[in-house]
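Enquirer: Chain by chain, the residues run as shown.
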Amino acid sequence: MTRTPGPAGARDGIRSDQISGVFLLLLALYVGWQDRAFPVGTLADPGPGFMPLLIAIFLGVVGLLIAVFGGKSEPFSSIPWPEARRAVLVLVISVAGAFALERVGYRLTMIALLVFFLGVVERRHPFAAAAVAVGFSVITYYVFSTLLQVQLPHSPWGF
Amino acid sequence: MAETMQNLLLGFSVALQPSVLVYAFIGCLVGTLVGMLPGLGPLAGISLLLPATFGLNPIISVVLLSGVYYGAMYGGSTTSILMRIPGEAASVMTCVDGYAMTQRGRAGPALAIAAIGSFVAGTFGVFGLMLLAPTLATFALRFGPPEYTALLLMGFLVLAYMTGGSMLKTLAMAGFGLLLGMIGIDAMSGYTRFSYDIVELGDGIGIVPVAVGLFGVSEVLLTAGQPVPPKVQKPTLRELIPSREEFRLSVWPILRGTLIGFLIGIIPGSAHIISSFVSYGVERRISKHPERFGNGAIEGVAGPESANNSAAQGAFIPMMALGIPTSPIMAVMIAALMLHGISPGPMLITQEPELFWGFVASMYIGNVVLLILNLPMVGLFVTLLRVPYSYLYPCVLCFCILGCYSVNNSTLDVWIMLVMGGIGYVFRKFGYDLAPVALGLILSPMLELSLRQSLAMSAGDYGIFLDRPITVTMLVISAVLFLFSLKPLFFKGKDWRADVGLDEKA
Chain F
0 MTRTPGPAGA RDGIRSDQIS GVFLLLLALY VGWQDRAFPV GTLADPGPGF MPLLIAIFLG
60 VVGLLIAVFG GKSEPFSSIP WPEARRAVLV LVISVAGAFA LERVGYRLTM IALLVFFLGV
120 VERRHPFAAA AVAVGFSVIT YYVFSTLLQV QLPHSPWGF
Chain R
0 MAETMQNLLL GFSVALQPSV LVYAFIGCLV GTLVGMLPGL GPLAGISLLL PATFGLNPII
60 SVVLLSGVYY GAMYGGSTTS ILMRIPGEAA SVMTCVDGYA MTQRGRAGPA LAIAAIGSFV
120 AGTFGVFGLM LLAPTLATFA LRFGPPEYTA LLLMGFLVLA YMTGGSMLKT LAMAGFGLLL
180 GMIGIDAMSG YTRFSYDIVE LGDGIGIVPV AVGLFGVSEV LLTAGQPVPP KVQKPTLREL
240 IPSREEFRLS VWPILRGTLI GFLIGIIPGS AHIISSFVSY GVERRISKHP ERFGNGAIEG
300 VAGPESANNS AAQGAFIPMM ALGIPTSPIM AVMIAALMLH GISPGPMLIT QEPELFWGFV
360 ASMYIGNVVL LILNLPMVGL FVTLLRVPYS YLYPCVLCFC ILGCYSVNNS TLDVWIMLVM
420 GGIGYVFRKF GYDLAPVALG LILSPMLELS LRQSLAMSAG DYGIFLDRPI TVTMLVISAV
480 LFLFSLKPLF FKGKDWRADV GLDEKA
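Chains F and R are the protein sequences, given in the same order. Here the first sequence is numbered in numbering that gives the first Met the number 0, starting from 0 and rising by one per residue. Here the second sequence is numbered in numbering that gives the first Met the number 0, starting from 0 and rising by one per residue.
Source of the hints: derived by calculation from the structure; they are not laboratory data. Backbone N, C-alpha and C fix where the C-beta goes; we use that ideal spot for every residue, glycine too. Be aware that one or more of the hints could be misleading.
Just so you have them, the derived chain F footprint on chain R, three or more residues with Cβ under 8 Å [stated by the list, open to error]:
#1 347 to 355
#2 382 to 394
Here are a few chain R residues that sit away from chain F, every Cβ distance over 10 Å (derived from the structure) [as the list claims (entries may be wrong)]:
#3 Leu7
#4 Ser12
#5 Pro57
#6 Leu177
#7 Glu199
#8 Val281
#9 Arg284
#10 Pro468
Turn these sequences into a full structure, and let the hints steer you where they fit.
Expert: Right, dumping it as structure tokens:
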């Protein structure tokens, strides 16, 4: 969806700092609410809930100040998001990779991830994608697992 | 002084062992690559190499990781000069005049001066570290919990004041980091806080997944899908030699940059980044021909490059002497030492002289390695830059997953990294600086513990913070800084941060 600039005199819309400030305020309120579970103690004898509450108050106040003084920041609608779709796609594929890592093992996960990134997201030549994927997976496994003795997950099929 | 020399000899006897030398070399090499590749800064690079140090002894680990650190500082300048791409944030200022020099066909001298400046600054930085760290450590032996509380508070306010961009936003990010640090078991009462019944969260959130997420993954997300990098020109060895005039112009900027960088390096914050901005601002201001800046003034390369390198060394002082990280990078370094059962602090230098002095000596050697590694091999490195980014970033991302997973063999760390990557991406779009998050995360348990210990010492009397001269001094400085940080909200007009160009960077 693209925003067309409104007619002259229209509001610039909400400002970026107002959004982020309010978000931080909400986060602080949420933490403050969650903090009920722990005894706050007194000023003289702080309990486990003391610092989180203190920091949440601090964050809330700062968030509020950012929002209040954010009237002159750039309008939210002017932040460009040209890479957002790809960023979300990359993140989703990585999440799938994280999910697969301990289930199908390091090498298979890395091959699958790289084939997806290079072949599907970047539309590189399938041959090149496959070569990079297999090469990266085998070389890093050799360096980290064999040479440096870092434990990496294996697949149920043993490799 | 005689004692220092003797210690230094001990250090060199450690650092000149072949195995240590080899790892110093590898560290510098990897660091240079990390600094040159977009999407991987020194912080993410160090975090990712952390698992690789598990099987090594502590001295070698520190030598390797610090080699990566200052190698990356240097690598970042190469891409800035040749391609106008800052490989990492500290090189932003180098881009301006460095790239202008490249366009005028003076890429070689720019690279050479950057390398020489880094070398001079690095050597002086190590020298300062050698002299200051033991003194500071002796002084810090008198520090009790109240002093640490005041020091940490002061650190945060200095950080907020020194970081580029809005101070409120920096404080907000520090607050966010402090909250993240609250996750896990409370050391004093045994309560598990904000763990949402995930057992592994009882230990708290590690610095590595957060650092890699915030600085590695979010960078990849921001730059994914960018067009192919521009053509790179490859200077030959003969073109590297600067003219006599260029040398003459660079001497003072290098020395000033070294001093500025070192002083800023000791202060908490993203020291190496700020120092390069400050140095550039200073050079532009005192130059008789400020109009040359931006059009290829060699001073604009010499100053910032020296500053960021000596700041990189200066930052080790509080880390080694007080056990307090002044930047996220130092936080990861501390994590690396702790993995080997060594906790940095005032006792480190006396208890582990081989580690400390070996490390100091290895930094001398690292500086030499960088100088002889980088200049002749610059052509080779440049060839690597021709790898298209669409091939590079998937590999970087896979490296991030590998690195985070293998620190604790935990998938949870990978999840944390991805979540932090997403959060970092959005925050950066909104113009927030992320370094305070990582710093807040690591400092928050220290701050809480020292505050509560202080109160336990005084039976709940806050007067304990006012009885002690060191504490009072630090609290007064904090209060003054806090008032300064409020100033731009109520008074219009530029302060020094705008003068040196700190505000230009979001």
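Enquirer: Please name the hints from earlier in the document that this structure breaks, with their numbers sorted from lowest to highest.
Expert: Hints 1, 6 are the ones this structure does not satisfy, whereas the remaining hints hold.
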